[in-house]
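Chains as they are written, first to last, in the working numbering: chain A, 1 to 102; chain B, 103 to 660.
Don't read these hints as lab results, they were simulated from the structure. A couple of the hints might just be wrong.
[What the hints assert, rightly or not] Straight-line Cα separation of at most 20 Å, DMTMM-like style, residue types lysine to aspartate or glutamate; simulated pairs:
(1) B/K582 to A/D64
(2) B/K271 to B/D596
(3) B/K581 to A/E79
(4) B/K294 to B/D280
(5) B/K141 to A/D59
(6) B/K141 to A/D54
(7) B/K132 to A/D59
(8) B/K649 to B/D623
(9) B/K141 to A/D13
(10) B/K379 to B/E262
(11) B/K322 to B/E597
(12) B/K298 to B/D323
(13) B/K582 to A/E79
(14) B/K132 to A/D13
(15) B/K582 to A/E66
[As the list claims (entries may be wrong)] Some but not every residue of chain B turned toward chain A, in silico, with C-beta under 10 Å:
(16) T136
(17) K141
(18) Y156
(19) R184
(20) N198
(21) P200
(22) D454
(23) A455
(24) S456
(25) P520
(26) D523
(27) N529
(28) P534
Every residue gets a Cβ at the ideal spot worked out from N, C-alpha and C, and that includes glycine.
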Amino acid sequence: MTAKILTANRLADGVVVWLTAAGEWAEQVDRALVARHEEAVAGLESAGRIAVADNRVVDVNVVDVEEVGGHVRPLRLRERIRSGGPTIAYLPGAAGRKSATA
Amino acid sequence: MPMYRYDEFDHAFVADRVGQFRDQVERRLKGEITEDAFKPLRLMNGVYLQLHAYMLRIAVPYGTLSSRQMHMLAHVARTYDRGYGHFTTRQNIQFNWPRLSDIPAILNELASVEMHSIQTSGNCIRNVTADHFAGAAADEVADPRPYAEILRQWSSVHPEFSFLPRKFKFAVTGSEHDRAAIQVHDIGLHLKRNEKGELGFAVYVGGGQGRTPLIAKKIKDFLPEADLLSYSTAILRVYNLHGRRDNKYKARIKILIHETGTEALKRQIDAEWERLKDSELTLPEADISAIQAYFEPPALRERPEGWADIASWKKADEAFARWVGRNVTPHRHPDYGIVTISLKPIGGIPGDASAEQMDAVAEIAAEYSADEIRVSHEQNLVLPHVALADLEAVYRALVAAGLAESNIGLVTDIIACPGLDYCALANARSIPVAQDISRRFGEPARQAEIGELKIKISGCINACGHHHVGHIGLLGVEKKGTELYQISLGGSGDETTSIGEIIGRGFKPEDVTDAVETIVDTYLALRLEASETFLAAYRRVGAGPFKAALYPEAAEAA
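All chains should be modelled from the sequences, with the hints used to inform the complete structure.
Spelled out as structure tokens, the structure:
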């Protein structure tokens with residue numbers, strides 16, 4: 001089975017988050033809880049439904065990943081870009097907040 | 103300053119909407135309303151959820167901004183976002199990183215300069231776009247913006263047209279040379295005069311890009327200006343009634359006209375119009391005049407000294423001469439020019455501007471362009487009224503702001519949507535492809551040799567990057583988990599609108615710039631003379647030579 005993790009966007013600021021083993025939503029994909037069998041995936045999905053109902057996150061999705069050298073890597077480019085941010089240097093040096101929640 | 107100003111009703115309405123949305127956001131954050139209930143409400147206020155964050159799309163009606171408004175956009179970028187914004191192909195601006203919880207405050211600040219995000223999303227009549235040289239161009243018959251404003255007022259929260267089968271876009275031009283791409287809009291209006299000298303419109307219906315690109319059909323040669331709203335209402339009513347609601351991909355009016363037939367649909371529209379014509383929807387002359395008064399051209403004083411100045415400046419500075427040659431367009435006043443500010447620095451992100459750059463443009467416009475700025479659908483900014491005598495000072499100020507790229511209409515003046523770097527709908531990235539092509543062709547002499555060439559890039563079939571009407575269009579798709587770029591050639595979004603033809607199988611990201619270079623080199627080898635543009639050459643020779651150059655194996659096999 002392809003390993004899976006759970007992702008969403010945080011309700012208040014839209015920032016990409018990943019569900020951790022502690023049940024928290026982390027901004028780093030490497031902290032994501034990796035589900036390696038069907039029961040674990042069902043657990044992820046259940047956690048996602050609860051988080052949506054709690055209005056903590058939106059747009060919850062299970063994402064296929066591989067584990068490479070101790071890192072979690074989403075298989076789809078879309079999710080890799082979500083995990084790493086835009087692949088372009090958008091106006092480096094421009095003033096402004098680095099992270100909406102930092 | 104020549105632009106529409108809010109009246110008391112407008113102020114009260116926008117303030118009410120901000121208050122309403124503030125309440126909705128607060129209730130959402132407290133969990134009192136669900137995402138399913140909230141999503142349509144946020145979309146009605148221009149708030150999308152993209153890959154990394156929320157995105158706020160702000161309307162720039164017919165692409166016209168004052169310095170004060172541009173300063174406010176800079177302030178929003180700096181205070182609530184990451185210090186930049188993205189100007190779009192619909193003459194709007196998008197901020198990529200606002201917090202949901204901050205958006206009511208942003209909208210409140212925008213309202214203070216008569217801006218908002220209403221109808222920048224949803225199945226309603228969207229921001230009306232117009233020629234970005236409106237009110238300034240030497241070749242203009244009349245300023246199309248008063249009519250765009252009339253349409254804006256009429257369509258704002260129009261109760262009958264707020265839940266159409268799909269979104270609906272108007273574009274208006276007042277020149278024979280179409281800079282507003284009216285033939286790829288749901289309704290395209292070409293403002294012109296009849297033989298009696300009266301103003302009216304040629305009306306085009308059912309154009310659009312997306313997954314089914316279609317060129318609009320002209321259904322009226324001359325619609326008197328007074329009938330603008332009655333006729334538009336007739337079109338919208340027929341569409342609202344008969345447009346498909348069972349399949350969102352077939353819901354635009356272009357599909358309705360395609361499936362119904364132009365003549366049959368025109369008969370339905372005319373039958374509806376018979377009931378509406380000469381009703382209260384007829385525009386009184388006094389109302390048209392009142393709106394036109396808001397767009398009175400600025401009082402531009404004679405500045406004949408510019409003619410001699412500019413000749414000597416050009417002689418002294420080759421880069422300035424190049425910039426004037428590419429970025430300055432004739433103004434209706436002979437002592438003035440229209441300056442296009444390129445938001446396409448070599449290797450940069452098409453359409454992006456930093457807060458500092460927005461402030462710089464606002465300051466330059468206040469001092470040298472009668473306080474006016476335009477946003478073009480080609481993702482550039484425009485200073486519509488600059489005295490030739492001030493061009494050198496404007497150029498120096500733009501150089502200091504990193505905004506003096508001399509590439510308007512050239513191969514590096516690329517349109518690109520945000521693509522998979524930001525957009526939740528995208529299948530492939532657009533921006534890195536644009537950057538790579540820009541770097542490959544960035545050398546000024548090479549760009550000049552190639553001449554006018556419009557490259558347009560979309561990261562998905564929705565075609566926000568207008569690839570269908572690019573001389574060279576690139577469409578990013580996802581195939582077997584990787585990005586692939588399909589190339590089309592021969593598209594154009596002007597008065598000779600054509601949809602580009604797909605040239606063959608797609609190219610990997612690392613090969614697409616080489617493919618573009620092969621196309622360009624093929625063109626250079628076959629053009630009859632330097633003045634034969636890429637588009638003219640393509641229309642003369644067709645796809646054959648380009649296919650042979652791009653796919654030599656296939657050519658040999660044949």
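Hints and how they fare:
1. Between the alpha carbons of B/K582 and A/D64 the distance comes to roughly 15 Å, so the proposed pair stays at or under 20 Å and holds.
2. A C-alpha spacing of about 17 Å is found between B/K271 and B/D596, which places the hinted pair at or below 20 Å, so the restraint holds.
3. Restraint check for B/K581 and A/E79: the C-alpha separation of about 15 Å stays at or below 20 Å, so the hint holds.
4. Taking the CA atoms of B/K294 and B/D280, the gap is about 12 Å. The hint holds against a cut of 20 Å.
5. Distance check on the hinted pair: B/K141 and A/D59 sit about 11 Å apart at the alpha-carbon level, within 20 Å; holds.
6. Only pairs whose Cα atoms come within 20 Å are accepted, and B/K141 paired with A/D54 is accepted, the gap being roughly 16 Å.
7. Between B/K132 and A/D59, the direct Cα distance comes to roughly 18 Å. Compliance with the 20 Å bound is thereby established for this hinted pair.
8. Under the criterion of a C-alpha separation no larger than 20 Å, the hint pairing B/K649 with B/D623 is consistent with the structure, at around 13 Å.
9. For a cut-off of 20 Å, the pair hint linking B/K141 to A/D13 stands: about 15 Å separates their Cα positions.
10. Simply put, B/K379 and B/E262 have alpha-carbon atoms about 18 Å apart, close enough for the 20 Å limit, and the pair holds.
11. The straight-line distance between the Cα atoms of B/K322 and B/E597 is roughly 16 Å, inside the 20 Å bound, and the hint therefore holds.
12. Taking the CA atoms of B/K298 and B/D323, the gap is about 14 Å. The hint holds against a cut of 20 Å.
13. Of the supplied pair hints, the one linking B/K582 and A/E79 holds, its CA atoms being roughly 15 Å apart against a limit of 20 Å.
14. A hinted pair counts as satisfied when its Cα atoms are at most 20 Å apart, and B/K132 with A/D13 qualifies at roughly 14 Å.
15. For the proposed pair B/K582 and A/E66, the alpha carbon gap of about 17 Å is at most 20 Å, so the pair holds.
16. The closest approach between the C-beta of B/T136 and any C-beta of chain A is roughly 8 Å, which is under the 10 Å cut-off, so the hint is satisfied.
17. Hint on B/K141 holds. Least Cβ distance to chain A is approximately 9 Å, under the 10 Å limit.
18. Given hint, B/Y156 at the interface with chain A, holds; its Cβ is 4 Å from that chain's nearest Cβ, closer than 10 Å.
19. Using the Cβ-Cβ criterion of 10 Å, the hint placing B/R184 at the interface with chain A is satisfied: the shortest such distance is roughly 4 Å.
20. Restraint check, B/N198 versus chain A: the minimum CB separation of about 8 Å is within 10 Å; hint holds.
21. Because the beta carbon of B/P200 sits about 8 Å from the nearest beta carbon in chain A, less than 10 Å, this interface hint is met.
22. A hinted interface residue such as B/D454 counts as satisfied when its beta carbon comes closer than 10 Å to some beta carbon of chain A; here the least separation is about 6 Å, so the hint holds.
23. Here the hint on B/A455 is kept, as its CB sits about 9 Å from the closest CB of chain A, short of 10 Å.
24. For the restraint placing B/S456 at the interface with chain A, the shortest Cβ-Cβ distance is roughly 5 Å, inside the 10 Å limit, so the hint holds.
25. A hinted interface residue such as B/P520 counts as satisfied when its beta carbon comes closer than 10 Å to some beta carbon of chain A; here the least separation is about 9 Å, so the hint holds.
26. A cut of 10 Å between beta carbons decides the hint on B/D523: the least distance to chain A is about 4 Å, and the hint holds.
27. The beta carbon of B/N529 comes within 8 Å of a beta carbon in chain A, closer than 10 Å, and the hint placing it at the interface holds.
28. A cut of 10 Å between beta carbons decides the hint on B/P534: the least distance to chain A is about 6 Å, and the hint holds.
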